[in-house]
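*Asks:* The residues making up each chain are set out below.
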Amino acid sequence: MRIEVAHLARIEGHANLVVDAVSGELKECRLEIVESPRFFEGLLKGRHYSDVAPIIARICGVCSNSHTLVSLAATERALGIPISRQTRNLRRLLAYGEILQSHILQLYFMAVPDYLGVPSIFPLARSRRDLVSRALRLKKLANDICNVVGGRPVHPVTPCVGGFSALPQASALQGLRRQLVQALPDLEETVELFSSLPVPEFERETEYLSLGGGSDYPIFGDSIVSSDGICAPVAEYAATIEEYLVPHSTAKFARATRESYMVGPLARARNAFARLSPMARQVAAAMGLSASATNPYHSLLARLVEVIHCVEEAIHLIDAVLLAGLREEALRTPEGGGEGAAAIEAPRGTLFHAYGYDEKGCIETADCVIPTAQNLANIEADLRALVPSLLGLPEAELTRRLEMLVRAYDPCISCSTHLLKVEFV
Amino acid sequence: MKPRIGFFDFTGCEGCQLTVLNLEEEFLELLELVEIVEFREVMSGAAESLDIAFVEGSICRPQEVERLKAIRARSKTLVALGACADTAGVNALGHFRDLQQMRREIYGGDAPQLLTEPPRPLQAWVQVDHRVPGCPIDGREFLAVLQALLMGRPPELPSYSLCVECKLAELPCTFERDQVCLGPVTRAGCKALCIEAGDRCRGCRGVIDNPRSDPYYRILEEHGLCAEDILQELRTFNVLGKGKQCASK
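So the protein sequences, as listed, match chains A and B. The first sequence lines up with residues -16 to 408 when you count with our numbering. The second sequence lines up with residues 98 to 346 when you count with our numbering.
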């Protein structure tokens, strides 16, 4: 039996799934990344620091805010630019907005159709109008956060090196706060919906890697931690994570302690379970998600738990920003060059950017390590472990189960083909 | 029967398709007017024929050319969705670097799966009937283009420059901050969103049909900027930009 799914649907970017089994024995199993490489780091060469974030954000429309935020942080570290508490808070709010935007899109538009047996969410617009309206309301809330803080949902315009080129209006933040509180019934119904979906059983323990978030659930962080005991500064990411090229992929694969590891919502939830918001912990308990979950399909549940966490935390964050009062801050012009690395927990996992700038503030070296690329080896390992137990199933059902596994990781292929190290000579 | 429309993507970030999905309530209404028959990012399955194909991304591999031609062959109307499809967008920055050298720098060699051509817009390979410019597209403009197509008339894009919208919004001129702004030569339609956000216009919507470059160069010179500055700026989204020699260099 040979299964080939060209251009997997309901994921971001282009990947093929190839499974080859002969009389019950698995011969071949791989996720081919067929998206064209875009050499993004190469395109940055010689660009001024003020252009770097707007260009690198174009790696990905779904996580453009994360790329922007981590790019700014890496540039600020390289050029020695401090940022204020206000900037830190607003950037965190924007990060929450993007995690919400991306997670809600994945949960409702990419995952739900699998469980309800439809090719997409569109046919549900008639049969399950309530569900589709709710999905769109929640997505709009996430987009509104990005709009108010970042200027638009895709490829933000206000975040810049040193802070923000324009601040949100206090009234707009108050409006967001109201919307966030009003979203709670929609979240309850979302939890109810996902609790009723039959998440497939499959256990495979692996290494779970995320940022160590200090006292907060990780979004920004200075250290990399893993379930296998990694605890390293972000600046040493290149020595902690090994990237390597495989023939069937235009994205590099990665490994840390073992042959593969996982990043993303499940890894974060496992590593920082106690730091989830009270409501998020409650939802996790209700849905049966624990700090020791080893079922990769539970990424779905972890994603929803993070949605709850982000909504609850965003409310507190807006209160903190409004209480402190918004004030215009002058942007500092840096002098000289330097090197710096930074990391963020993007919706799909830990994202690293590192830059080297020359004396004029123009890019000499650039490196991005993308969450999906870090997950690819782990997805393949999961597929290899899962396929033998499913070989008795009809081909269509087997294919569906494998596609669901890939989708559980919410892979972002556009991103993962633009990673990689560049050393300009 | 409802018009059958589809969304396709090539080399790009899928941010334009996401902008379509971000129309939220209008998107729901859209489903009443058209039948979405293909949209890989959020839907399984493929369609044999389409009335309108919206295509995102640039073309940089022979396999992509084939797939694009096949989409063209089964679509009555083909619309370039966003800068990457329309002008090659930021992907076109690759034209200024040696691809083989970049492969070596980034991947350490010329592995066969990495071989690509310099990214090109759709119209380098197939007939493009209409376009929605921008990086990302403007959701309202997408709706306007679709509305025109559904009503059977050709969609129109603004033919004037961004400066018009910027002045109507009473925003201070970016040049007064001593920054290069591509507003004077860039197609309007975004309501000067970036300038309102305190940034400058980087020209993602492409150059207007008849840019008056001489007065523009005068403005640049008045602000002490040279052709190299403006070329660098044009290259972010408009590789077609040709500059005068910079006197100071």
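These aren't lab readings, by the way, just hints derived from the structure by calculation. Small disclaimer: the values here were computed from a predicted structure and weren't measured. From the three backbone atoms N, C-alpha and C, an ideal C-beta is built for every residue, glycine too. Wrong hints could be hidden among the right ones.
To be verified - Some residues of chain A that are not near chain B, with every Cβ distance over 12 Å (derived):
| id | residue |
| --- | --- |
| 1 | I66 |
| 2 | L119 |
| 3 | A149 |
| 4 | S275 |
Stated by the list, open to error - Ranges of calculated distance between the beta carbons of each label pair, as one might list FRET restraints:
| id | chain 1 | residue 1 | chain 2 | residue 2 | range |
| --- | --- | --- | --- | --- | --- |
| 5 | B | Q160 | A | D211 | 53 to 61 Å |
| 6 | B | L268 | A | S116 | 51 to 59 Å |
| 7 | B | Q198 | A | N(-1) | 22 to 30 Å |
| 8 | B | L268 | A | A257 | 44 to 52 Å |
| 9 | A | E318 | B | F193 | 24 to 32 Å |
| 10 | B | N307 | A | S67 | 26 to 34 Å |
| 11 | B | L268 | A | D211 | 50 to 58 Å |
| 12 | A | L228 | B | V261 | 45 to 53 Å |
*Asks:* Does each hint fit the structure? Answer for all of them.
*Replies:* Hint by hint, here is what the structure shows:
no.: 1; hint: I66; result: holds (16 Å)
no.: 2; hint: L119; result: violated (5 Å)
no.: 3; hint: A149; result: violated (4 Å)
no.: 4; hint: S275; result: holds (33 Å)
no.: 5; hint: B:Q160 - A:D211: 53 to 61 Å; result: violated (39 Å)
no.: 6; hint: B:L268 - A:S116: 51 to 59 Å; result: violated (36 Å)
no.: 7; hint: B:Q198 - A:N(-1): 22 to 30 Å; result: holds (29 Å)
no.: 8; hint: B:L268 - A:A257: 44 to 52 Å; result: holds (48 Å)
no.: 9; hint: A:E318 - B:F193: 24 to 32 Å; result: holds (28 Å)
no.: 10; hint: B:N307 - A:S67: 26 to 34 Å; result: violated (45 Å)
no.: 11; hint: B:L268 - A:D211: 50 to 58 Å; result: holds (53 Å)
no.: 12; hint: A:L228 - B:V261: 45 to 53 Å; result: holds (49 Å)
Against the hints set out earlier in the document, violations occur for numbers 2, 3, 5, 6 and 10.
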